[in-house]
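K.L.:
Respectively, the protein sequence lines represent chains A and B. Heads up: the first sequence is residues 1 to 375, going by UniProt numbering. Heads up: the second sequence is residues 1 to 390, going by UniProt numbering.
Watch out, some of these pointers could steer you wrong.
Simulated crosslink set (EDC-like; lysine to aspartate or glutamate; CA at most 16 Å straight-line) [unchecked claim]:
#, chain 1, residue 1, chain 2, residue 2
1, B, Lys286, A, Asp256
2, B, Lys289, A, Glu249
3, B, Lys286, A, Asp260
4, B, Lys289, A, Asp114
5, B, Lys286, A, Asp244
6, A, Lys49, B, Asp213
7, B, Lys322, A, Asp256
8, B, Lys294, A, Asp260
9, B, Lys289, A, Asp260
10, B, Lys36, B, Glu166
11, B, Lys294, A, Glu249
Read the hints as simulated data drawn from the structure, not as lab findings.
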Amino acid sequence: MENRQRLQKKDGPKAPDPTVPQTKAKPRLLLMGQRRSGKSSISSVVFHKLPPSETLFLESTARIQKDSLNSFMEFQVWDFPGQIDIFDNPNFTFDMDAIFGEIGALIWVIDAQDDYLEAVARLNTTILHLQRGYPHINIEVFIHKVDGLSDDYRLDIQRDVTIRIQDELSDQGLENAPVNFHLTSIYNHSIFEAFSKVIQKLIPRLGQLEAMLTNLCRTCRFEKAYLFDVNTKIYIATDSTPEDMASYEICSDYVDVIIDFTEVYGSWPRSQQWRDRLEGEPWSQPLDDQVACEWAESGMVLAEARRPIMLREVDRFLALVAIMKEGSYEKMPQINMNVDVVVKGLTEFFEITKNKDVVAAPGPGEVASPPLAQG
Amino acid sequence: MSDFETAGASTAAVPVAGVAGDSVAHAQLKKVKKQKVLLMGKSGSGKSSMRSIIFSNYLARDTRRLGATIDIDLSHVKFLGNLTLNLWDCGGQEAFMENYLSQQRAHVFSNVGVLIYVFDIESRDVERDLATYVNIISALVQYSREAKVFVLIHKMDLIQPTTREETFERRAAVVRRKTAEAVGIMHKQKPEQLQPPPPVDIDLQLFATSIWDQSLYKAWASIIHDLVPNLSIIETQLTSLGIAIDADEILLFERTSFLVVSKWTSREGERNPYGDRFERMSNILKSWKHTCSKYTGTPRNAEQFSDFEYKMGATFSMFATKFTTNTYILVCMPPGEARFNSAKLNVAAARPWFKFLDGPVVPPAGQGQMFVGTPTTGYGGEAGVGLSEG
C-alpha cells in the first residue's frame with residue numbers, strides 16, 4: 001500500500017513516465033476499464049496481498065500506477081485510471097509506443113454487476129486501435145465482481161459480452177482478434193486463476209515446463225502438480241491433466257499456510273546462543289549440515305483417503321505443489337529424490353530463459369531429461 | 001505402554017498432589033465441568049455469527065445466511081472431553097432483552113460462569129446500548145457474583161485501520177466506566193439485606209474483534225482459557241515435553257474450534273516478535289481445514305488432516321499432528337533432521353500423558369484404566385520422553 005502511494009506521488013501528472021527503463025524482457029500487464037470497475041482492487045489483492053475486505057477503503061486512482069513485480073520473470077503492472085480515455089484525450093496525447101510497445105497483455109476489467117454497455121463500447125474502440133498498431137498485445141477481458149451472481153447469470157453475461165465484442169469487431173472487418181474472457185472476483189481464487197492464464201501466455205517455452213511437470217506426475221503418481229509464484233499465488237505451469245479449480249484452490253491455500261507459518265516462525269533472527277547450543281554436543285555439526293534440504297519442504301496428509309499434499313520450494317520465488325495419490329505418503333523419501341531432480345531441472349530452465357535472447361534456449365529434451373526413479 | 005500410563009498419571013498428579021494429597025488430585029482431575037456461558041448484546045451485533053465461526057466451522061462470509069436469533073438458543077458445546085459449555089445465545093431484540101431482565105431474570109442470570117457481551121462498534125444508538133448493558137450487568141451481579149465478563153467490541157473491520165485502536169480504546173473506557181457504575185448501583189441497593197457488602201469488582205476483559213480476522217480467536221481463546229479444567233497440569237506436562245524434545249514452541253489446539261488450549265514457549269521462542277501468533281495459528285489452521293473440507297467434500301466439522309510437517313531449510317522445522325482425541329498439537333523447533341524425527345517419535349510417546357484431556361475417562365472411584373496402581377513418588381516424565389537419538 002505504502003508502495004503504491006509513493007508511486008502515485010512520484011509519477012506526477014505527466015504519465016507515462018518516459019524515464020522508466022525500457023528493457024526488453026519485462027512483459028507488461030496493463031489494467032484498464034471503466035472507473036470503479038475494480039482495477040486497483042485487483043492489483044492490490046493480487047500483487048500486494050491486500051485482504052479483499054479492505055479494498056473498500058481504496059481511493060480512486062488518479063494517475064497511472066506502475067508496479068514492477070519481481071519474480072521468476074520481471075513484470076510490470078500498470079493500473080490506468082478509469083476516467084481517462086487514452087485514445088481520445090483532449091488535454092494530453094499519450095505516447096502509444098511507450099505504453100504498448102512492450103510485449104504484454106491488456107487486461108480490460110468489466111464490472112458485471114453494473115451496466116456494462118459503455119465499457120464494452122470503449123473496449124471495442126481500444127481493441128480496434130490496438131489491432132491496428134500493436135497486434136502482439138494479448139487482450140484479456142475480466143468480467144469482474146461475479147461473486148454473488150448465480151452461475152447461470154454469470155454465463156449469460158459472459159455470452160452477451162462475447163457476442164457484443166465479436167459482432168462489433170467483425171463489422172469492422174476484424175475476425176479472430178486475440179480476445180480472451182475470464183469470470184473473476186477478488187473474493188475467491190478466480191482472480192488468481194485468471195492472472196495465471198494471462199501470465200502463462202507470456203512465458204517463453206511454457207510447453208517445456210509443462211512437459212517436466214507431466215513427467216514428474218507420471219513418475220511419482222501425482223494427481224496434479226502446480227508450479228506457483230509464491231508471492232502472488234499465480235501458477236505459472238501445471239501438468240497436462242485437465243485443469244480443475246478445486247485442486248488449484250487447495251494447492252494455492254497450502255502455499256498460503258506455508259507463507260504464514262514462515263512469516264511467524266521463520267522471519268526473525270535466532271540468537272547466537274541458540275545456534276551454539278544446537279551446533280554443539282551431541283550434534284557437533286553446523287546447522288546447515290544437519291538439514292537435508294536447504295529450501296522449504298513440507299507435506300500434509302489429508303484425513304480423507306489419506307491423500308498427501310506436498311510442497312517444495314524451487315527458488316526464492318517459485319514453489320512446486322502437488323497433490324499425491326492416496327497412500328503414497330510412505331514413499332515420501334523416494335518422491336523427494338525425484339522432486340529434487342525436477343527442481344534442479346527447473347532451476348536450469350529459468351537460468352536459461354532469463355537470458356533475454358529466447359532463441360538461445362535449448363530445444364526440447366535438453367533441459368528436462370534427468371532420469372527419474374520409478375515411484 | 002502401561003509404563004507410560006503410570007508415568008502420565010504420576011506426572012499429572014504431581015502439581016496438585018504437592019498441596020492436597022493424591023485423593024484430592026484425582027477428584028480434581030476427574031471433575032467434569034459444565035459451564036454456563038451467556039452470549040448477549042443488541043440484535044444484529046454478531047453474536048450468532050461468531051458462535052458459528054468458532055464452534056461450527058462457518059466461514060466468515062457464510063454467516064450472512066444466519067437469521068435473527070429468537071429468544072434463547074441453547075447449545076451444549078463439548079470442548080475437550082471434560083468441559084461442556086452451556087452456551088446461551090440470547091437473541092438481542094429489545095422485547096427479549098426486557099424479558100430476560102424481568103420474568104426470566106433468575107433463570108437467565110443465575111449460575112453464570114461467563115458473560116460475553118457484544119457491542120456493535122457501528123451502532124447508531126450508543127447511549128441506549130450502554131443502558132441495556134448496565135441493566136444486564138446489574139442483573140448478573142445480583143445472581144452470579146463470581147461470573148467473569150468479557151466485552152467484545154465487534155465489527156472492528158468497519159473502522160478504518162488507522163483509527164481502529166483509538167476507537168476501541170475510547171469505547172473501552174466508556175464500557176469500563178459503565179460497568180463500575182452498574183456495580184456501584186448494586187452496592188447501594190444491597191445494605192438492607194443484611195449481607196456483607198459484596199466484594200465484587202467485576203472481572204472484566206475487553207477485546208476488539210472482527211469475524212474477518214484473527215482477533216475473534218484471541219478473544220475466544222482468552223474466554224476458553226479460564227474455563228479449561230486441569231490447566232495447570234496441562235501446562236506442566238507441556239513444559240516437560242517441550243524441554244525434552246528441545247522445542248521452541250508447543251501449541252495445543254482443541255480439535256473443532258482450533259482455539260489454543262495451552263501453550264509453551266522456550267526462552268528463545270519468547271523472542272518471537274509476533275505477539276499475535278497464537279490466534280493467527282488458529283485462524284490459519286481453521287481456514288485450511290475449511291479448504292480441505294471443500295476439496296474432499298467431507299462435512300465441515302469432520303477431521304480434515306492428520307499430519308503436517310514443514311522444514312524450512314536451516315531456519316526452523318515444525319509439525320502438527322492429531323494428538324489426543326480432542327486435540328491437535330503443533331510443535332515448532334530448531335532445524336535438523338535427527339532432531340525432527342526424534343521429536344516426532346517423542347510426541348507420539350507422550351500421548352498417554354495427555355489422555356485425561358479426553359476425559360471423562362476416569363470412573364468416579366479412581367479405578368480407571370489410566371491410574372494403574374497408585375502413583376507413588378518421583379517424576380516419571382523423564383522416562384517417557386527420553387530422547388531417542390535418530
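K.L.:
So, against the hints stated earlier in the document, which numbers end up violated here?
P.N.:
4, 5, 7, 8, 10
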